[in-house]
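> Assemble the whole structure, with the sequences as input and the hints as a guide.
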Amino acid sequence: MRALFVYFGPFDVNSGIQAYHFGNELTDLGWEVIVAGKGDPARAKAVGEPRFECISHDDLSARVEAMRRDPQETIAIGWTPREPVRQMTMEAVRRLDCPYVIHLEDNEELLIESATGRSLAELQRLPLRQQDSVAPPDLIHPTRHREFLDGAAGISVITEELNEFNRAGRPHAVVRPGIDLERFRPDLEPHPRADIGLAEEDFALVYHGTMHYANQHEMLSLYLAVKLLQRRGRRVRLVRIGHSEFGGPDPRAFRALGDGVIELGPIPWREIPAYLGVADACVQPGPPDDFNRYRLPSKLPEFLAMGRPVILPHCNIGNDLTHGENALLLEQGNAMEIVVRIEELLADREPAARLGAGARRFAETQLSWRRNAEGLAEFLRRSAAAGRPVGSAA
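Each residue of the sequence shown is one higher than the one before, starting from 6 at the first, in our numbering.
Simulated from the structure, these hints should not be mistaken for laboratory data. Bear in mind that the values here come from a model prediction, so they are computed numbers and not experimental data. Idealized CB from N, CA, C, for every residue including glycine. Careful, some of the hints might be misleading.
Restraint ranges, calculated between C-beta atoms of paired labels, are given here [claimed, not checked]:
no., residue 1, residue 2, range
1, Glu169, Leu34, 26 to 32 Å
2, Gly329, Leu34, 33 to 39 Å
3, Leu133, Gly329, 47 to 53 Å
Below is the structure:
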C-alpha cells in the first residue's frame, strides 16, 4: 500500500522529524512512502538516512503523474489543514482518485486569529476573495479548511482534544510521536559546559525550539522566572536554542530580561541531544490554555527521554504524567509557578533524580516510534477502505 504525505514545512524541523520517523517506520512495515515537504529534500539527512522517498513540493505534481501510471491502493495524508497543504492534497486526490486523511497537531484556528488579530468568525464573514488575501498563506484558510476536514476519510490527532475540530465526526485516531531512545538518553556525553559559558555550579535549563507570536508570551514567563531566581541568589541559567520571531511589544521585555540568557541560535538537530545533556532540568512553559492543551510540543518527548526533571503544563501529554513521580506539572504556567517548581528541584537533588528516572521510563513505555507507527498504519488502512465520504468534493 502507498502513503503520500503532504507535509507543510521543511524536513528538518520538529514536525518534519515526526514525519521522517513515521515514514521510516511505515516503510519497514511494508508500505511505499512518499513525503513531500518544503524546500530541499536533502535536508531530511540532517535527521538521518530516510528509507522512504523524499520530494519537494515543487516535484509533487510530476510524482503524482508517475503514481497515476503505476496504480495501486493509495491514501494521501495532509499534514495539517493549512492552505498550501490543502491545495496540494486536494489536487493529488483528484488526480489519483484516492481518499485522504488529515493530521492535526495545533489549534489552527487560534493560530490564524493570533496572526491576523481578528476572530475566525470575523474572517469567515469576509467574501472568499478577501479571505484569500487576508489569511496568511502558511496558515489555514478561514473557510476552506473546514471543507477540507469534512471531506476527509479520517482525522489523526496528536492529542485527543484536537478532535473537537472534527466537526463532521469523521473517524479519528490519536497518533502520538515517538522518540529515538538511543539518540536521546541520560548517559549521553554532554556538550562541554564551558564552551557555552556555563559554570559547573550553574543550574542549567535548556530550551530548544522557535519562539514566535503564538508562544512568546509564555516564553516571556520563563525568562522572567529565571530572572527572579537570579535575583534570589540562585545560580540558574537558561540556554536557548532556536530562532526568535518576535511580534508586538514583547521584544522590549525580552531585551530587559535576557541579559543572563545564553542565546545559541539555531543548532543542527543531530547536535541537540548533547546540548540537552547539559540540562539539570527542562521547562516547557505555558498554562493549560487553548494553545497548549491541543498541541504536543515535539521537544517534550526529547526532554523526557533525556532522563532530566521536566516541568510542563498539566495538559496534552501532561495529562498522562504524574506530578512528583515523572514530571512537575504547571497548573497556571506563570513565572511565579515556574520559580516554585525550580526551587523544589534546587532544594533536594534526590527527588530530582527520581523525577528524571520516571521521565525516562515514561518515554520508554509510551513513546515508541514502532508502536505508534503500527497504530497509524492500521488507521490509514481503515480510512483507505472506507474511502471518501459521500458527497465530498475532490
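> If a hint holds in the structure, say so; if it doesn't, say that too.
Against the structure, the hints come out as follows:
1. Between glutamate 169 and leucine 34 the C-beta distance comes to about 30 Å, which sits within the given range of 26 to 32 Å.
2. Roughly 38 Å separates the CB atoms of glycine 329 and leucine 34, a value that falls within the hinted 33 to 39 Å.
3. Evaluation of the 47 to 53 Å hint for leucine 133 and glycine 329 yields a pass: the beta carbon distance comes to about 52 Å.
In this structure, every one of the numbered hints holds.
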